[in-house]
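K.L.:
Each chain, letter by letter, is given below.
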Amino acid sequence: MECPICKASNGEVKRFCTACGTPLGALCRRCGKMGKLEDKYCGDCGAVLAAAPNEHLFSHPAQAGAPKQYAPDEIEELLSLRKLARDEEAASEHVTQNDIDSIFK
Amino acid sequence: MKAPPLNFTALVVDDSPHSRILLLRLLQRSGISQVQLAVNGAEGIERYKASKPDMVFLDAIMPEMDGLEALREIKNSDPEAVVVMTTSLSEKEKVLQFKEAGANYYLLKPFENEKFDQTLLKVLSLLSQRIKKV
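Read top to bottom, the protein sequences are chains X and S.
Its first residue numbered 2, the first sequence is counted upward by one per residue in the numbering used here.
Its first residue numbered 184, the second sequence is counted upward by one per residue in the numbering used here.
Keep in mind the hints are simulated off the structure, nothing from the lab.
The reader is advised that the hints may include incorrect statements.
Unchecked claim - Here are the simulated lysine-lysine pairs, DSS-like style, with alpha carbons at most 27 Å apart:
{"no.": "1", "chain 1": "X", "residue 1": "106", "chain 2": "S", "residue 2": "316"}
{"no.": "2", "chain 1": "S", "residue 1": "315", "chain 2": "S", "residue 2": "275"}
{"no.": "3", "chain 1": "S", "residue 1": "305", "chain 2": "X", "residue 2": "84"}
{"no.": "4", "chain 1": "X", "residue 1": "84", "chain 2": "S", "residue 2": "277"}
{"no.": "5", "chain 1": "S", "residue 1": "305", "chain 2": "X", "residue 2": "106"}
Unchecked claim - Just some of the chain S residues that point at chain X, by a computed CB distance under 10 Å:
{"no.": "6", "residue": "278"}
{"no.": "7", "residue": "288"}
{"no.": "8", "residue": "289"}
{"no.": "9", "residue": "301"}
{"no.": "10", "residue": "316"}
What the hints assert, rightly or not - Among chain X residues calculated to face chain S with C-beta under 8 Å, some are:
{"no.": "11", "residue": "79"}
{"no.": "12", "residue": "93"}
{"no.": "13", "residue": "94"}
{"no.": "14", "residue": "95"}
{"no.": "15", "residue": "96"}
{"no.": "16", "residue": "98"}
{"no.": "17", "residue": "104"}
{"no.": "18", "residue": "105"}
These figures come from a predicted structure and were not determined experimentally.
C-beta: ideal position from N, C-alpha, C; glycine also.
The shape of chain S in the complex, shown without the other chains (with noise of 0.2 Å):
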């Protein structure tokens, strides 16, 4: 059964074509349909900056710009960000580094389905609490 639409918006920054449209799939599988795509961590940055998404799925190892620079780059200019480490980096110090950087959550490539729903249920939670704050 297809989940009903939410008014979500979420960007996907990865450079691997794979990747993206996986993540765009599971989003939207989930009822989420605005999704933007991005191929590095400049671009990624420029769309988040222009766009402001709810949610922020970020790749760690990419061309131009990597996911650390590009991380830093988006909670300077927005600290409220929601950010989602998408990577196969699992040494405890990388990890450190994006937790210490702001990352929000941290999904280990590669993923489960099952994996990505529970990580998903909580940024959406979180945005949840944010817009009942307001």
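So here's chain X without its partners, still in its complex pose (with noise of 0.2 Å):
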């Protein structure tokens, strides 16, 4: 796969750019599939591919010695996508038949 910013090539299921860092693909939290950056569902599991919507977040890379300074909306983003990782965790998490029957009480 090329990178669309260096023209690096580079491996097919690369998740970044081995060269300057640039996102090439959005990796599914749920089963670990490596799907195309514009993706919004996974194709192999269906779930919500959480890094899609966000790409602008990832499509300037930092330089070396120069972390990127986020924006306060930019900040307010990441943090909501980290709670949609972690929503789709819990979404998939195995349950006791305690647990159950607090549910079903």
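Reassemble the complex: the two chains are provided individually, in unrelated frames, and hints are given to aid placement.
P.N.:
As structure tokens, then:
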């Protein structure tokens, strides 16, 4: 896969460009499969690909030694992205009979 | 000691012969002798509509028609149906799906006889309350 920014050639399954760090794909947090950056849902398990709608947050990779400065709204979006990932983890969480009894109380 | 006969009817819907026989025996041991058996969701719905049993023990993963679809169909035809899901599915997301679709109780397989008895008591209590109201 060719990096759209620096044109470096990367492997097929790379999530980030190995030369400049630009995101190349969206990793499904549920099944671990790699989708295209523009995909909204995982083609393997159907989970929401959290990174895709937030592509712009990653579109300017940090220069070496100069961490990217995020605007307040970008920080808020990153935090909501983290929350989304946690919610997805919770959705696939396994429960015990006691938990189920509480749900069906 | 064998439990006195109860005038309730039950339907067990499960593709596993082992599970069907186990549930049949547990129900009979508890005094419920009128138990019908079905091997998939489609047959379960057919039997439910034909005889309206007091309680349904419904597996989730079955060929032809799964438990969720069968549950929705049963609840659609009879919102008062008392359905106990008996399944090994333990993902919270799935459990909540069944709850949302109208399941009354959820028994996680494999279960101990004691847990089955507790659930059956809840079912009988619910049915008794309904009888009192009528």
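K.L.:
Work down the list of hints and note, for each, if the structure agrees.
P.N.:
Here's how the hints hold up against the structure:
A distance of roughly 21 Å separates the Cα atoms of residue 106 of chain X and residue 316 of chain S; the hinted pair therefore holds under the 27 Å criterion. The straight-line distance between the Cα atoms of residue 315 of chain S and residue 275 of chain S is roughly 34 Å, outside the 27 Å bound, and the hint therefore fails. Between the alpha carbons of residue 305 of chain S and residue 84 of chain X the distance comes to roughly 37 Å, so the proposed pair goes past 27 Å and is violated. Distance hint between residue 84 of chain X and residue 277 of chain S is fulfilled; the C-alpha atoms sit about 21 Å from each other, no more than 27 Å.
For the given pair, residue 305 of chain S sits about 10 Å from residue 106 of chain X by alpha-carbon distance, which is consistent with the 27 Å threshold. Taking 10 Å as the C-beta contact cut-off toward chain X, the hint placing residue 278 of chain S at the interface holds, the least distance being around 6 Å. Look at residue 288 of chain S: its Cβ gets to within about 6 Å of chain X, closer than 10 Å, so that hint holds up. A hinted interface residue such as residue 289 of chain S counts as satisfied when its beta carbon comes closer than 10 Å to some beta carbon of chain X; here the least separation is about 5 Å, so the hint holds.
Of the supplied interface hints, the one on residue 301 of chain S holds, with its beta-carbon coming within about 9 Å of a beta-carbon of chain X, less than 10 Å. Proximity of residue 316 of chain S to chain X is violated relative to the hint, the smallest CB-CB distance being about 21 Å (cut-off 10 Å). Here the hint on residue 79 of chain X is broken, as its CB sits about 25 Å from the closest CB of chain S, past 8 Å. A hinted interface residue such as residue 93 of chain X counts as satisfied when its beta carbon comes closer than 8 Å to some beta carbon of chain S; here the least separation is about 6 Å, so the hint holds.
For residue 94 of chain X, the interface hint holds, the least distance from its beta-carbon to any beta-carbon of chain S being 5 Å, beneath 8 Å. Of the supplied interface hints, the one on residue 95 of chain X holds, with its beta-carbon coming within about 5 Å of a beta-carbon of chain S, less than 8 Å. Given hint, residue 96 of chain X at the interface with chain S, holds; its Cβ is 5 Å from that chain's nearest Cβ, closer than 8 Å. Interface restraint check: residue 98 of chain X against chain S, minimum CB-CB distance 5 Å, threshold 8 Å, status holds.
Among the interface hints, the one on residue 104 of chain X holds; its C-beta lies about 6 Å from the nearest C-beta in chain S, closer than the 8 Å criterion. A least Cβ separation of about 5 Å between residue 105 of chain X and chain S falls short of the 8 Å threshold, and the interface hint therefore holds.
Consistency with the previously given hints fails for numbers 2, 3, 10, 11, ordered from lowest to highest.
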